[in-house]
Amino acid sequence: MIYAILRRFGQMLFVMFGISVIVFLIFFATPGADPAARIAGRNASPEVLEAVRHSFGFDQPLYVQYVKMMEKIFVTGDLTSFVNRGWKVVPAVMDSIPVTLSLVFGAAILWVVVSIVIGVVAAATRDSWLDKLLMALGLLGISMPVYWLGEVMNLITQSRYHDSWAFSWVPPLGYKNFSDDPKGWFLTLVIPWITLAILYIGIYGRVLRAAIIESMQEDYIRTARAKGLSETRILLRHALRTSLIAFVTLFGLDFGALVGGSALLTEVVFGLHGIGKLTYDALQNLDLPMIMATVMYASMFVVIANAVVDFIYILLDPRLRTS
Amino acid sequence: MILSVRDLKVSFRTHDGMVRAIDGVSFDLGESEILGVVGESGSGKTVSLLAVMGLITDPNAVIEGSIRYKGRELVGLPARELRRLRGNEIAMIFQDPMTALTPVYTIGWQIAEQIRAHRNVSKAKAMERVEELLAEVNFPNPHEAMSRYPHQLSGGMRQRAVIAMALSCNPALLVADEPTTALDVTVQAGILDLVRKLRATHKSAVVFITHDMGVVSELADRVMVMYAGRVVERGSRMELFSDPRHPYTRALLGSIPPLTGDKPRRLLAIPGSPPSLLRLPQGCAFGPRCPAQYEPCATGKPDLRGGTHAAACYRVAQA
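Chains as they are written, first to last, in the working numbering: chain A, 3 to 325; chain B, 24 to 342.
Among the hints, erroneous ones may be present.
Stated by the list, open to error - These stretches of chain B come out as covered by chain A in the derived footprint (C-beta under 8 Å, 3 or more residues):
hint	region
1	73-86
2	137-147
Stated by the list, open to error - The calculated label-pair distances, taken between Cβ atoms and stated as ranges, are:
hint	chain 1	residue 1	chain 2	residue 2	range
3	B	N83	A	Q286	51 to 61 Å
4	B	K286	A	A212	47 to 57 Å
5	B	N83	A	S232	15 to 25 Å
6	B	T209	A	A212	33 to 43 Å
7	A	V123	B	A158	35 to 45 Å
8	A	A212	B	T37	17 to 27 Å
9	A	K134	B	N83	11 to 21 Å
10	A	S232	B	H38	29 to 39 Å
11	B	P82	A	L157	37 to 47 Å
As the list claims (entries may be wrong) - Chain A side only, calculated, beta carbon under 7 Å to chain B, not exhaustive:
hint	residue
12	L64
13	R162
14	D221
15	Y222
16	T225
17	R227
18	A228
19	K229
20	G230
21	H240
22	R243
23	T244
24	P320
Calculated from the structure, these hints are not laboratory results.
A quick note: this is a predicted structure, and the numbers were derived from the prediction, not measured.
Even glycine gets a Cβ: it sits at the ideal position worked out from N, Cα and C.
Go ahead and model the full structure; you've got the sequences and the hints to work with.
Below you can see the structure in the form of structure tokens.
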């Protein structure tokens, strides 16, 4: 067990190292990509360019620049932005993490619970009107782009119907710290959670329904019937249990990506300054240290999410335990 | 009489119309009797026993006729009632032990699940019973085996676990659907010994489905041969093996190499393949493949004729 965790950790370091090198090279070493020119702005004189180059350390060999940047991210933590000089990058990332985690965790709980219910009910009532209705709603959820859905949600809850009894509780957009104001934290996030979860509820509900229906064809389901178990028990303890493996795979990928910044659209629509928003702004300004830091953070989360998924696999499927 | 099946018919609605998979099967089973059901794949042997178990879940299936278990009619019995019998009084062993157990639970858990579905006992009590059962089906280390997952056991061991599960509630009737087909020959022999022993200890009646005449000759008290959804011959084991009447039975027996006497230069093979149930030939379904075919065979489906040893063949009726 300890060996497995250590191996995972080693893998994580390796992946992060690889990603950092690639991202670094893309911005520093691709032909035509001169960070000094970008920072100095258009029509800068050669002298200014030279000064910028020296001041940011671009005149040093690439590997030195790379090591320095990594050192500043991971060791000293005092990497500063190229765009707003003096703005510390690492604290900025640290401040955004709770926002994104709050958004994604809440949405994940919502979409896992609701999609399991939908998948099970649809599979149990297969081909009935209820099944068809749920699957049609799922498809609808998948088809609605999150930025559109988010804006519609805002239109309804912040503007048109904000004064009605239904939505007067919705606070203005923005994030409230959990430690300062737990109730405010929860209320501001309810609508973003629902918005983000709807897409995934659609996908996961459909995937789970298909997986359950497939496992209902298995021989062990016939055995379970021959044992005289109730249909409910067969569905929940035998079919659902074995179907969760596909579900967890998907979850690991989506969760890792969302925490790593894919929740950008939701964050922007709801004015949540999370990792996605931070990365997006950094890319707009080509703020390299910030890009580097957010990418490092994202890759770490993707790898951690994968490790957690592997761990859940082992809990779910005893066949993976021995080998 | 434990089980009495009369004129059982199972049909499936398909795009090409109704397909009759079982066409008027009747048989009786006495207490602690072993009935061997023999036939090729698609002859309807499994479907007819799944009908007995109430395990045909296909919504397009239509089941007609009568299945009486200890005098109680099973056809049309509500699912709840049927469930109370299944796994409790009527148990089943399946063909492929590799896939018959849920992969994510220990075998102890799975057997205890069945016990607790039918008996009001504590988990600990159920587990004690599981250990006894596993010992009974010759697990060398039953206590340890309980916490094993199916994938950690060999095929023979899994089949023993499935048998232990089937026996957990002392069923009066055990349906075994080719339980030895997926196993090695040596393991097969062990399983057959086990079935015989269990008949003696548990007094269960057994319906043993197989396509292996050798297995039938070792185990069965009485034998029923099926072809294209109909019973073509039935009788005691002695009657059937010493005096096979239906050409199909004769052909099946002729395809087994004899252990004594002259070796035939070539083993007998039955020409052709079983007919599609969608396009059954006019008259006797075996007619087109039958070496003894003559005019009446094409005119109608022969009924089973004879007393305890009966065959469905015009030639036999004529003789």
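Here is what the structure says about each hint:
For the region 73-86 of chain B, the stated coverage by chain A is satisfied: 3 residues place a CB nearer than 8 Å to a CB of that chain, which reaches the threshold of 3. Here the region 137-147 of chain B counts 3 residues with a CB under 8 Å from a CB of chain A, which clears the bar of 3, and the coverage holds. Between N83/B and Q286/A the CB atoms are about 60 Å apart, so this pair conforms to the stated range of 51 to 61 Å. At about 55 Å, the CB distance of K286/B to A212/A agrees with the hint of 47 to 57 Å.
A hinted range of 15 to 25 Å for the beta carbons of N83/B and S232/A is consistent with their spacing of about 23 Å. Taking the beta carbon of each, T209/B and A212/A are about 41 Å apart, inside 33 to 43 Å as hinted. For the hinted restraint 35 to 45 Å between V123/A and A158/B, the CB-CB distance of approximately 42 Å keeps it satisfied. Distance hint check: the CB atoms of A212/A and T37/B are about 24 Å apart, consistent with the given range 17 to 27 Å.
Between K134/A and N83/B the Cβ separation comes to about 19 Å, which falls inside the hinted range of 11 to 21 Å. Range check, S232/A to H38/B: Cβ separation about 33 Å, and the 29 to 39 Å hint holds. Between P82/B and L157/A the Cβ separation comes to about 46 Å, which falls inside the hinted range of 37 to 47 Å. Hint status for L64/A: violated, given a least beta-carbon distance of 51 Å to chain B, over 7 Å.
The interface hint given for R162/A is violated, since its Cβ lies 47 Å from the closest Cβ of chain B, which is over the 7 Å cut-off. Annotation: interface hint on D221/A holds; nearest CB of chain B at approximately 4 Å, less than 7 Å. Proximity of Y222/A to chain B holds as hinted, the smallest CB-CB distance being about 4 Å (cut-off 7 Å). The beta carbon of T225/A is positioned within 7 Å of a beta carbon in chain B (closest approach about 5 Å), and the interface hint is therefore held.
Interface hint at R227/A: satisfied, since its Cβ lies 6 Å from the closest Cβ of chain B, which is below the 7 Å cut-off. Interface hint at A228/A: satisfied, since its Cβ lies 4 Å from the closest Cβ of chain B, which is below the 7 Å cut-off. At its closest, the beta carbon of K229/A sits 4 Å from a beta carbon of chain B; the interface hint therefore holds under the 7 Å criterion. Contact between G230/A and chain B, as hinted, is supported at the beta carbon level, the nearest pair being about 3 Å apart and thus within 7 Å.
Against a cut-off of 7 Å between C-beta atoms, the interface hint on H240/A holds, since the closest Cβ of chain B lies about 5 Å away. A distance limit of 7 Å between C-beta atoms decides the matter here; for R243/A the minimum to chain B is near 6 Å, and the interface restraint holds. Because the closest C-beta pair between T244/A and chain B is about 6 Å apart, less than 7 Å, the hint holds. Look at P320/A: its Cβ gets to within about 4 Å of chain B, closer than 7 Å, so that hint holds up.
In summary, the structure is inconsistent with hints 12, 13 from the numbered list given earlier, while agreeing with the others.
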